[in-house]
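Chains as they are written, first to last, in this note's numbering: chain A, -18 to 94; chain B, 30 to 142.
Rather than coming from a laboratory, the hints here were simulated on the basis of the structure. Everything numeric in this text was worked out from a predicted model, so none of it was measured. Built from N, CA and C at the ideal position, the CB exists for glycine as well. One should not assume that every hint holds.
Heads up, simulated DSS-like pairs for lysine-lysine below, C-alpha to C-alpha not over 30 Å straight-line [stated by the list, open to error]:
(1) B:Lys71 - A:Lys(-10)
(2) B:Lys34 - A:Lys38
(3) A:Lys(-10) - B:Lys134
Some residues of chain B that are not near chain A, with every Cβ distance over 10 Å (derived) [said to hold, decoys possible]:
(4) Pro37
(5) Val42
(6) Ile49
(7) Ala53
(8) Ser84
(9) Glu85
(10) Lys87
(11) Arg90
(12) Phe95
(13) Gly112
(14) Ser114
(15) Ser122
(16) Leu130
(17) Pro142
Reference listing, derived: stretches of chain A covered by chain B, where coverage requires no fewer than 3 residues with Cβ under 8 Å from a Cβ of chain B [stated by the list, open to error]:
(18) 20 to 26
(19) 81 to 88
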Amino acid sequence: DSGVTQTPKHLITATGQRVTLRCSPRSGDLSVYWYQQSLDQGLQFLIQYYNGEERAKGNILERFSAQQFPDLHSELNLSSLELGDSALYFCASSVGRHTDTQYFGPGTRLTVL
Amino acid sequence: QQQVKQSPQSLIVQKGGISIINCAYENTAFDYFPWYQQFPGKGPALLIAIRPDVSEKKEGRFTISFNKSAKQFSLHIMDSQPGDSATYFCAASRSGGADGLTFGKGTHLIIQP
């Protein structure tokens, strides 16, 4: 158990809908990262937040957004969902603002029908 | 552009044998190279990591070998066990960078009893 929690475990929704994925980092970690894992693209970095502020952006679509709250939990919002958004979404956390030593949560499996 | 290339895609090793997975990177600014292990339905778990100031790091049965001039690094699993059967990902990042982890495509390892 990494200490990173994610909810929900599974999410099934329809095209065009909007969903919110939630992540709680390990105790003491200030950075939260979001990754998408799909069969064709592999594991891809989406976005990082550090202590409430956006720090880095990767291959995140404009339809996707995230935020980190004062209690350090983070939410990833996915809107206008398409079939191709079906994937595993992982949250990771680390102590500092840099990229090293990230601990991953169990993931949320999103299925868009 | 795939910045971290991982091979082989799949690997079958007999119990007690040595499993070897290779990765090559392109970005010379990368200076942190972790390996992650992922079981079905779980998030990636940090296995071992290395920085370019050393050529080898060993933790138990797991060893990373690093060749800075060739821009290559590899994971060796000694005395491979059926419980090691999983998908392994190499990754790379820049300390202080704002890019998240860049992952290889993964290696599906099967240890036959």
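Here's how the hints hold up against the structure:
1. B:Lys71 - A:Lys(-10): holds (11 Å)
2. B:Lys34 - A:Lys38: Holds - the C-alpha atoms of A:Lys38 and B:Lys34 are around 22 Å apart, at most 30 Å.
3. A:Lys(-10) - B:Lys134: holds (23 Å)
4. Pro37: holds (15 Å)
5. Val42: holds (22 Å)
6. Ile49: holds (20 Å)
7. Ala53: holds (15 Å)
8. Ser84: With a cut-off of 10 Å, B:Ser84 remains clear of chain A, as the shortest Cβ separation is near 19 Å.
9. Glu85: holds (19 Å)
10. Lys87: At about 18 Å from chain A, B:Lys87 clears the 10 Å cut-off, so the statement holds.
11. Arg90: holds (21 Å)
12. Phe95: Check passes; 16 Å lies beyond 10 Å.
13. Gly112: Correct as stated: the minimum Cβ-Cβ distance to chain A is 17 Å, above 10 Å.
14. Ser114: Holds: least Cβ distance 19 Å, greater than 10 Å.
15. Ser122: Incorrect as stated: the minimum Cβ-Cβ distance to chain A is 4 Å, not above 10 Å.
16. Leu130: Given a closest Cβ separation of 6 Å, the condition is violated.
17. Pro142: Label holds. Min Cβ-Cβ 27 Å, cutoff 10 Å.
18. 20 to 26: holds (count 4)
19. 81 to 88: It holds: at least three residues are needed, and the region 81 to 88 of chain A offers 8 whose Cβ sits within less than 8 Å of chain B.
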